[in-house]
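Construct all of the structure, not just a fragment, from the sequences and the given hints.
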Amino acid sequence: MHSNQATSASERGPSGPRSRGALPSWVSAAALLLPTYGWLTLAVFLPLLTMLVFSFMSATPMGKAPIVFTLKQYRAFIDQPYLVGIGVTSLLIGFWTTLFCAILGFLAAVALVRSTFGKTREMLLILILLPFWTNGLVRVFSWTMVLRENGFLDNLLHMIAPDVGSIGFLYTRYAIVVGLVHGYLPYMILTCYIALVAIDDAIMEAAASLGARWWTILFKILVPLAAPGLISGSVLIFIPVIGSFMEPRILGGRVGVTMGTVIEDQFTQAFNWPLGASLSFTLLAVVLAIFATFSGVLRRGTTA
Amino acid sequence: MTELTRRNTMKLMSAALVAGVSFSSLPRKAFSAGTITVLNWQGYGTDEAWSVKAFTEKTGIAVVHDYYSSESEMLTKLRTNPGAYDLVVLNAARCAQAVAEDLLQPIDFSKVPNAPTVDENLRNNPNFSKDGKGFAVPWVWGMTSLAIREGMTVPDSYAVLADPAYKGRVAMDDDAIINVGVGALMSGQDINDPKDLAAVTAALKSIKPNVKLLWSTEDQWNKSFAAKEFDLSLFWSGGSVRSKRNSKLPVQFVVPKEGGIGWVDGLGIPASAPNAEGALAFANWMIDPAFYVEWATKVGAPASSNSAALAALPVDDLSRQVHKPEYLKTMGIVSAIPDDRREAFNNVWQEVKAFYAQ
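Protein chains in written order, with my numbering: chain B, 4 to 307; chain G, 401 to 758.
Calculated from the structure, these hints are not laboratory results.
In this text, a Cβ means the ideal position worked out from N, Cα and C, and glycines have one as well.
Accuracy of the hints is not assured; some may be wrong.
Straight-line distance between alpha carbons at most 30 Å, and here's what the computed DSS-like set of lysine-lysine pairs gives [stated by the list, open to error]:
1) B:LYS75 - G:LYS605
2) B:LYS75 - G:LYS724
3) G:LYS477 - G:LYS453
4) G:LYS605 - G:LYS657
5) G:LYS724 - G:LYS648
6) G:LYS657 - G:LYS644
Stretches of chain B that chain G covers, calculated by requiring three or more beta carbons in the stretch to come under 8 Å of a beta carbon on chain G [unchecked claim]:
7) 74-87
8) 246-257
Set out below in structure tokens:
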């Protein structure tokens with residue numbers, strides 16, 4: 004994407020205004036791109052490269068242990084087959100979280116766009132963003148108060164029906180998904196909102212005047228036109244969710260074991276950075292493979 | 401208040417600079433007789449102002465501190481600054497490593513008058529000794545064992561973790577070394593070197609129906625226990641005292657017949673110490689009942705290795721009730737573990753956790 008812009012900028016260069024006959028166009032293009040690429044190199048590329056090098060080492064390169072370069076860390080999924088199950092769990096959690104975020108976020112964005120009365124739209128937008136400003140850890144811990152046995156949810160239920168048992172579901176996969184959906188929903192609302200706000204109201208009015216019911220308008224007009232927002236929101240959510248470790252650890256209890264927690268353990272408890280790094284890169288490869296498989300759908304969606 | 405003019409700010413900054421320079425040069429001045437330099441974690445007993453003052457008044461020896469923020473940093477400081485430190489606080493596992501690298505000198509226990517009442521099990525711990533010589537004065541200790549809700553049957557074995565009576569009522573410490581230790585005790589093996597890791601794994605897997613959650617911080621433990629999410633747990637001895645004293649939680653710490661999984665910090669004297677005599681006097685003060693009682697009751701402290709000091713605590717002191725000297729007979733102490741074994745322990749715990757999550 005960046006290189007596309009670069010080439011188009013240099014193509015445009017000669018035909019552009021060059022009244023003072025100054026520097027060739029590639030100099031200005033390079034000067035303009037340098038901060039971006041410099042920052043990317045410093046903040047993204049170098050740390051990733053360091054971790055990539057670590058992932059081929061036999062031990063964490065601190066202390067006196069001799070370092071040998073090896074591929075054994077990448078055999079972890081074969082040597083420790085239980086990791087495959089953890090990986091599948093993480094992908095499933097990512098899938099369900101993204102799906103719920105997509106449904107809820109899209110509907111919330113539709114409501115936001117359609118609410119044109121006075122200043123309600125600004126109010127709603129602020130209300131959606133406000134929880135996002137609080138610390139994620141605080142939000143996850145407050146979910147534990149709600150979902151645990153004899154928590155707020157149970158108290159509420161027992162006010163209506165005092166005799167039924169507990170419906171608290173803390174320390175299950177559902178609790179993890181609830182916490183993650185809550186944490187990542189604003190991304191989806193915002194990306195969908197941006198896509199939906201660009202749709203001309205006249206299109207929907209035309210459809211309605213021609214007899215289209217609301218579901219036809221929703222699925223034939225709104226969803227296809229907002230697909231770029233839905234897809235970019237899904238990508239934004241899916242990637243961090245499969246590597247998340249805080250929510251599974253706090254809300255999952257015994258079942259809260261995901262790739263994220265395994266990798267975190269390797270970096271903190273086990274002090275085995277190479278294994279943590281190799282697991283991260285394996286996960287990255289899996290994610291890229293998934294996106295490559297669906298790249299056709301993604302491209303059609305984002306250019307629609 | 402004086403105004404924040406540029407001149408005042410400059411004055412302040414230069415004063416801070418001078419103070420900083422003179423402060424950082426202090427440890428180097430410590431070579432003179434009558435001064436000792438102690439290397440420790442910050443705020444961990446040795447640097448209590450009242451205690452240092454009392455010690456200096458009694459012996460005329462001034463005490464200077466330098467701090468480390470990780471155990472590997474402590475070893476690095478010992479290796480790279482010979483002659484800078486007179487006394488160092490180190491964990492049993494690290495002590496074995498320091499002794500193996502010839503960083504410590506043997507302790508002359510005849511110059512430590514409080515030594516005879518130091519618990520023998522701690523003094524003879526193989527991590528502290530080499531060739532029959534002791535290389536550190538055991539200082540304080542604690543352990544991980546079972547904690548149960550008050551009023552329930554007190555268990556006598558780790559086997560209770562797998563007892564169907566506690567279905568969904570057990571919390572485990574999310575720590576590989578501790579859990580492998582428990583698995584080793586459940587399968588009758590040495591906590592530091594279980595030969596049959598498969599048996600350890602099987603023992604830990606057998607408690608799956610009971611495991612409700614894995615805790616990783618004391619705060620998390622307190623919240624979940626207060627919310628009655630579990631009744632039986634692996635927990636720290638010191639943590640149970642704090643939970644009971646500060647949070648008023650109905651918890652009882654239990655050491656079953658297999659023994660607790662213990663840690664102990666010792667006071668060692670670097671091989672290059674300029675003032676070993678002074679260091680021994682300070683080590684003696686650190687295990688003295690007079691110092692310990694004040695530290696434990698006013699500040700809060702782990703259990704002293706000196707049984708006379710523990711016995712000097714008030715009878716109703718919670719720490720004294722939890723850290724009974726007889727537990728030291730059965731307690732296994734976490735020792736230095738080679739890297740490959742540590743990795744194997746971590747893999748066992750990851751595998752068990754994955755099994756719990758299924």
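Can you tell me if the region 74-87 of chain B counts as covered by chain G, using C-beta to C-beta distances under 8 Å and a minimum of three residues? Check passed, 3 qualifying residues.
Is the Cα-Cα distance between LYS75 (chain B) and LYS724 (chain G) 30 Å or less? violated, 46 Å
Taking beta carbons only, do three or more residues of the region 246-257 of chain B come closer than 8 Å to chain G? holds (count 5)
Pair hint outcome, LYS477 (chain G) versus LYS453 (chain G) [Cα-Cα no greater than 30 Å]: holds, 26 Å
Hint check: LYS605 (chain G) vs LYS657 (chain G), CA-CA at most 30 Å. Holds or violated? Measuring from Cα to Cα gives roughly 21 Å; hence the hint holds.
Hint check: LYS657 (chain G) vs LYS644 (chain G), CA-CA at most 30 Å. Holds or violated? Within the cut-off at roughly 23 Å; holds.
If you draw a straight line from the CA of LYS724 (chain G) to the CA of LYS648 (chain G), is it 30 Å or shorter? holds, 21 Å
Within 30 Å, alpha carbon to alpha carbon, are LYS75 (chain B) and LYS605 (chain G)? holds, 26 Å
Violation of the numbered hints given earlier is confined to hint 2; every other hint is satisfied by the structure.
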